[in-house]
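So the sequences go chain by chain: A and B. 167 is the number that the UniProt record's numbering gives to position 167 of the first sequence; each next residue is one higher, with no gaps. 122 is the number that the UniProt record's numbering gives to position 122 of the second sequence; each next residue is one higher, with no gaps.
Since the hints were derived computationally from the structure, they do not count as laboratory data. In this text, a Cβ means the ideal position worked out from N, Cα and C, and glycines have one as well. Among the clues, some could well be false.
As the list claims (entries may be wrong) - Derived Cβ-Cβ restraints for the label pairs, each shown as a range:
hint, chain 1, residue 1, chain 2, residue 2, range
1, B, 130, A, 93, 31 to 37 Å
2, B, 174, A, 92, 53 to 59 Å
3, B, 204, A, 191, 49 to 55 Å
4, A, 119, B, 22, 54 to 60 Å
5, B, 92, A, 185, 36 to 42 Å
6, A, 233, B, 219, 53 to 59 Å
7, B, 104, A, 233, 28 to 34 Å
8, B, 92, A, 113, 34 to 40 Å
9, B, 92, A, 93, 20 to 26 Å
10, A, 15, B, 72, 45 to 51 Å
11, B, 130, A, 191, 36 to 42 Å
12, A, 101, B, 50, 17 to 23 Å
13, B, 50, A, 91, 46 to 52 Å
14, A, 135, B, 22, 20 to 26 Å
Stated by the list, open to error - Derived lysine to aspartate or glutamate pairs resembling DMTMM-like cross-links, with alpha carbons at most 20 Å apart:
hint, chain 1, residue 1, chain 2, residue 2
15, B, 102, A, 137
16, B, 169, B, 64
17, B, 102, A, 240
18, A, 118, A, 240
19, A, 204, B, 13
20, A, 169, A, 18
21, B, 208, A, 216
22, A, 102, B, 135
Protein chains: 2
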Amino acid sequence: MADLNCNPNSASDMLTLDGIRDSLIRQEDTIVFSLIERAKFPLNRKMYYNNHTSIPGFSGSLVEFVVKETEAIQAKAGRYENPEENPFFPKDLPRPLVPPHKYPNVLHPAGASINMNKAIWDFYINKFLPLLVADGDDGNYAATAASDLVCLQALSRRIHCGKYVAEVKFRDTPKEYEPPIRSKERDTLMRLLTFEAVEEAVKKRVEKKAMVFGQEVTLNNTSEGKPKIDPSLVSRLYGEWVMPLTKEVEVDYLLRRLE
Amino acid sequence: MADLNCNPNSASDMLTLDGIRDSLIRQEDTIVFSLIERAKFPLNRKMYYNNHTSIPGFSGSLVEFVVKETEAIQAKAGRYENPEENPFFPKDLPRPLVPPHKYPNVLHPAGASINMNKAIWDFYINKFLPLLVADGDDGNYAATAASDLVCLQALSRRIHCGKYVAEVKFRDTPKEYEPPIRSKERDTLMRLLTFEAVEEAVKKRVEKKAMVFGQEVTLNNTSEGKPKIDPSLVSRLYGEWVMPLTKEVEVDYLLRRLE
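Pulled out of the complex, with its shape left as it was, chain A reads as follows (with noise of 0.2 Å):
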């Protein structure tokens, strides 16, 4: 299982750059079903608006309801211990009420704060939703605000994991990013993090997965009908909005590793 995290399983592993990419291309997989699970519902529209719900000591949108209350849980079940994890609603998360697991400190203690989620929300909610499923109501509003958690929280973690490509590709030729560190050139950092072909690679290979996972399978045939999402979105999704958030958060990291 060595392959779920980016963060090391223990002191003794080390932070590889082959391990932080196993990964993340599990993680894909995460991602495809959540949303293919998402799709199973409508947009539910209404869930999105703020004060559609008269929740007493809340004002915002029901979603933004489910998805703090939630945290808020697992919180205390010490999810936010893990330092791949990172709320969306940080403000007055409970402390964990369980005993502390030692995970292993790699990260350089200024980026480790980084947290990228307002811009997931927003892209997520505001933009990939509104292409991924079908408009309409069905009333199931409690369950689709715990599936967007779901697709929140695998995109926040993929997400993230920038830091730690980050760590590892500066730890492997400190020298060749110290110079634009020092003198703040995102521009210059962004050109050493960006390969395009390994790009393209894996906005093919997420399309494939949710063609193969989103397919139906029945007894005599697995490829019948239509797929359950568009797989070219999830390329899209990644082209548009995974990959560029990764890398602003390697170079957020980078920024402040000389710190």
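We have chain A; now place chain B onto it with these hints.
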């Protein structure tokens, strides 16, 4: 999206066995995805011990805490207004804070309240999970418990769709069911509801789904390495627990159908 629900989407939709079957087939995918996702984590055994954690005002295991508290949030968001949803902790569940959605009411009132979740919890946690996942402890208790909840909810929804199966079968041939209902002959009802060839086909199909959805998809090749979960275990899950418990729900429902 008519295949998502066992309950008709609107009052004008008919309750048909074909519609319910489509929903059950789609739910197989949800169940297989949820199991693959749970199997990313090791057993994390301490999560299931009573009193491993000291949570103020709560006696029970960490997984009970996460499931109960998350259900309470989802109840506020209206989850259990949907007659297909049954909570694992129905006691003291908060009332919904959202305007009600009009779900068509097709079940007999006495049968609607059947809740098989104690049996589902027991087989899932105590019997099935140790077969599904690797032994070990990676500290990710919150994420693991959230993943257990997704599995439990998917299994519960599937098994409780037995109410709809029973209702539609009763409506199709009431004369066949009334005598054993009146004389409370569980065994006769169970025989009337059992179609071994259909059950064998379902077991084969879910095994194939576990193979297809659990494979490692690469750009060159779609069946590399060993699948993420043992496909035969999903067949066993259906054969030993899911289908027998669905039929228990069907029999319990029918026994109250003439009240």
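Going through the hints against the structure:
no. : hint                           : verdict
1   : 130(B) with 93(A): 31 to 37 Å  : 32 Å, holds
2   : 174(B) with 92(A): 53 to 59 Å  : 57 Å, holds
3   : 204(B) with 191(A): 49 to 55 Å : 52 Å, holds
4   : 119(A) with 22(B): 54 to 60 Å  : 38 Å, violated
5   : 92(B) with 185(A): 36 to 42 Å  : 58 Å, violated
6   : 233(A) with 219(B): 53 to 59 Å : 19 Å, violated
7   : 104(B) with 233(A): 28 to 34 Å : 32 Å, holds
8   : 92(B) with 113(A): 34 to 40 Å  : 38 Å, holds
9   : 92(B) with 93(A): 20 to 26 Å   : 25 Å, holds
10  : 15(A) with 72(B): 45 to 51 Å   : 39 Å, violated
11  : 130(B) with 191(A): 36 to 42 Å : 50 Å, violated
12  : 101(A) with 50(B): 17 to 23 Å  : 20 Å, holds
13  : 50(B) with 91(A): 46 to 52 Å   : 33 Å, violated
14  : 135(A) with 22(B): 20 to 26 Å  : 21 Å, holds
15  : 102(B) with 137(A)             : 11 Å, holds
16  : 169(B) with 64(B)              : 36 Å, violated
17  : 102(B) with 240(A)             : 38 Å, violated
18  : 118(A) with 240(A)             : 16 Å, holds
19  : 204(A) with 13(B)              : 40 Å, violated
20  : 169(A) with 18(A)              : 11 Å, holds
21  : 208(B) with 216(A)             : 11 Å, holds
22  : 102(A) with 135(B)             : 18 Å, holds
Checked against the numbered hints above, the structure violates hints 4, 5, 6, 10, 11, 13, 16, 17, 19; every other hint is satisfied.
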